[in-house]
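Given chain A, work out where chain B should sit, using these hints.
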Amino acid sequence: QQQVKQSPQSLIVQKGGIPIINCAYENTAFDYFPWYQQFPGKGPALLIAIRPDVSEKKEGRFTISFNKSAKQFSLHIMDSQPGDSATYFCAASTEGSGNTGKLIFGQGTTLQVKP
Amino acid sequence: GAVVSQHPSRVICKSGTSVKIECRSLDFQATTMFWYRQFPKQSLMLMATSNEGSKATYEQGVEKDKFLINHASLTLSTLTVTSAHPEDSSFYICSATNQDRGYGYTFGSGTRLTVV
Chain A
1049 QQQVKQSPQS
1059 LIVQKGGIPI
1069 INCAYENTAF
1079 DYFPWYQQFP
1089 GKGPALLIAI
1099 RPDVSEKKEG
1109 RFTISFNKSA
1119 KQFSLHIMDS
1129 QPGDSATYFC
1139 AASTEGSGNT
1149 GKLIFGQGTT
1159 LQVKP
Chain B
262 GAVVSQHPSR
272 VICKSGTSVK
282 IECRSLDFQA
292 TTMFWYRQFP
302 KQSLMLMATS
312 NEGSKATYEQ
322 GVEKDKFLIN
332 HASLTLSTLT
342 VTSAHPEDSS
352 FYICSATNQD
362 RGYGYTFGSG
372 TRLTVV
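Protein chains in written order, with the working numbering: chain A, 1049 to 1163; chain B, 262 to 377.
Hints in this document: simulated from the structure, not taken from any laboratory.
Check before you lean on any hint, since a few could be wrong.
Okay, derived cross-link-like pairs now, DMTMM-like style, lysine to aspartate or glutamate, Cα gap no bigger than 20 Å in a straight line [said to hold, decoys possible]:
{"#": "1", "chain 1": "B", "residue 1": "Lys275", "chain 2": "B", "residue 2": "Asp326"}
{"#": "2", "chain 1": "B", "residue 1": "Lys327", "chain 2": "B", "residue 2": "Glu348"}
{"#": "3", "chain 1": "A", "residue 1": "Lys1150", "chain 2": "B", "residue 2": "Glu320"}
{"#": "4", "chain 1": "B", "residue 1": "Lys316", "chain 2": "B", "residue 2": "Glu283"}
{"#": "5", "chain 1": "A", "residue 1": "Lys1090", "chain 2": "B", "residue 2": "Asp349"}
{"#": "6", "chain 1": "A", "residue 1": "Lys1090", "chain 2": "A", "residue 2": "Asp1132"}
{"#": "7", "chain 1": "B", "residue 1": "Lys275", "chain 2": "B", "residue 2": "Glu348"}
{"#": "8", "chain 1": "A", "residue 1": "Lys1150", "chain 2": "B", "residue 2": "Glu324"}
{"#": "9", "chain 1": "A", "residue 1": "Lys1105", "chain 2": "A", "residue 2": "Asp1079"}
{"#": "10", "chain 1": "A", "residue 1": "Lys1150", "chain 2": "B", "residue 2": "Glu313"}
{"#": "11", "chain 1": "B", "residue 1": "Lys281", "chain 2": "B", "residue 2": "Glu324"}
{"#": "12", "chain 1": "B", "residue 1": "Lys302", "chain 2": "A", "residue 2": "Asp1132"}
{"#": "13", "chain 1": "B", "residue 1": "Lys281", "chain 2": "B", "residue 2": "Asp349"}
{"#": "14", "chain 1": "A", "residue 1": "Lys1053", "chain 2": "A", "residue 2": "Asp1079"}
{"#": "15", "chain 1": "B", "residue 1": "Lys325", "chain 2": "B", "residue 2": "Glu283"}
{"#": "16", "chain 1": "A", "residue 1": "Lys1105", "chain 2": "A", "residue 2": "Asp1127"}
{"#": "17", "chain 1": "A", "residue 1": "Lys1116", "chain 2": "A", "residue 2": "Glu1104"}
{"#": "18", "chain 1": "A", "residue 1": "Lys1090", "chain 2": "B", "residue 2": "Glu283"}
Bound-form chain A, shown alone (with noise of 0.2 Å):
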C-alpha cells in the first residue's frame, strides 16, 4: 500500500513533444506528491509539488495532474527539449508531524529528447 507505481520505464521523444509520465499510488492518506528530476551523477532536484486538494499545477513547461479519485497524478513536459533528457521521479508522502513524513519514490522514468 505503500507503493507508488510509475510508468513507463522509458520514453523517447522528438523535440517540442510532450511526455507525460504516470503515476498511480494506494495509500489514500498521501497528501504531497512531488516530481524530482536527476541527472546521472546528481541528487534529485524538485520539479514541481501538488497537493491533493487541486486537480493542476503549472510551473514553466511543467505540469502536474492529478486525479484524486483515481489515485493518479501525472507530469507533462511542454515544448521539450534536448536539455529535459533525464531521469524523472514521482514520490509520494504523508504529513503527518508537519513534513517529517517518509517521501515513497516511483520506479523513475529515463526520458530522452532528441534534437
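Just chain B, lined up with the frame of chain A:
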C-alpha cells in the same frame, strides 16, 4: 533557497574499512534527515529517517549496525558504512526537511561509494 551539501561526492575504500558521509543543511535547520541508497538505473530506496537528537529509524531490511546514522545537530547528519564490502557500493543520497517550513525535501548531490 534551501541547500543541502553532501560530502564527499565520491569515495573509494578497501573492503573491511569504514566510510563516513556527511550531510549538511546550509541555510536552514533540518529537523529531519533521510538517507537513501540508489543502485544504477534504479529508484531511491529509503534507508533510514533521523530526527535531531534522537536515534534513527531504519527501514526494514537495513542493518542498523552496518549503517550508523548520527543526527547530532540541526544542520548535520552523518552516515557511516562500517566494515564495507563490495556489495555496499552504491550511490548514497541524503535529504533534509524542516517541519516548520511546510512541505519540501531538499536533496544532497549524492555520494558514490565504491568498495574494492
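Comparing the hints with the structure gives:
1. A distance of roughly 19 Å separates the Cα atoms of Lys275/B and Asp326/B; the hinted pair therefore holds under the 20 Å criterion.
2. With a C-alpha separation of about 12 Å, the suggested pairing of Lys327/B with Glu348/B holds against the 20 Å cut-off.
3. Restraint check for Lys1150/A and Glu320/B: the C-alpha separation of about 10 Å stays at or below 20 Å, so the hint holds.
4. Distance hint between Lys316/B and Glu283/B is fulfilled; the C-alpha atoms sit about 17 Å from each other, no more than 20 Å.
5. Straight-line distance between C-alpha atoms of Lys1090/A and Asp349/B comes to about 19 Å, which keeps the hinted pair within the 20 Å bound.
6. Between Lys1090/A and Asp1132/A, the direct Cα distance comes to roughly 15 Å. Compliance with the 20 Å bound is thereby established for this hinted pair.
7. A threshold of 20 Å between alpha carbons decides the hint, and for Lys275/B with Glu348/B the separation of about 12 Å falls inside it, so the pair holds.
8. At roughly 18 Å between alpha-carbon atoms, Lys1150/A and Glu324/B fall within 20 Å of each other, so this suggested pair holds.
9. Proposed proximity of Lys1105/A and Asp1079/A is supported: the alpha carbons are some 15 Å apart, at most 20 Å.
10. Between Lys1150/A and Glu313/B the alpha-carbon distance is near 16 Å, which keeps this suggested pair within the 20 Å criterion.
11. Under the criterion of a C-alpha separation no larger than 20 Å, the hint pairing Lys281/B with Glu324/B is consistent with the structure, at around 16 Å.
12. Taking the CA atoms of Lys302/B and Asp1132/A, the gap is about 17 Å. The hint holds against a cut of 20 Å.
13. Annotation: proposed proximity of Lys281/B to Asp349/B holds, straight-line Cα distance about 13 Å (limit 20 Å).
14. For the given pair, Lys1053/A sits about 16 Å from Asp1079/A by alpha-carbon distance, which is consistent with the 20 Å threshold.
15. With a C-alpha separation of about 17 Å, the suggested pair Lys325/B and Glu283/B falls inside the 20 Å cut-off, and the hint holds.
16. Between Lys1105/A and Asp1127/A the alpha-carbon distance is near 17 Å, which keeps this suggested pair within the 20 Å criterion.
17. Our distance criterion of 20 Å between C-alpha atoms is met by Lys1116/A and Glu1104/A, whose separation comes to about 11 Å.
18. Between Lys1090/A and Glu283/B the CA atoms are separated by roughly 16 Å; this keeps the pair inside 20 Å, and the hint holds.
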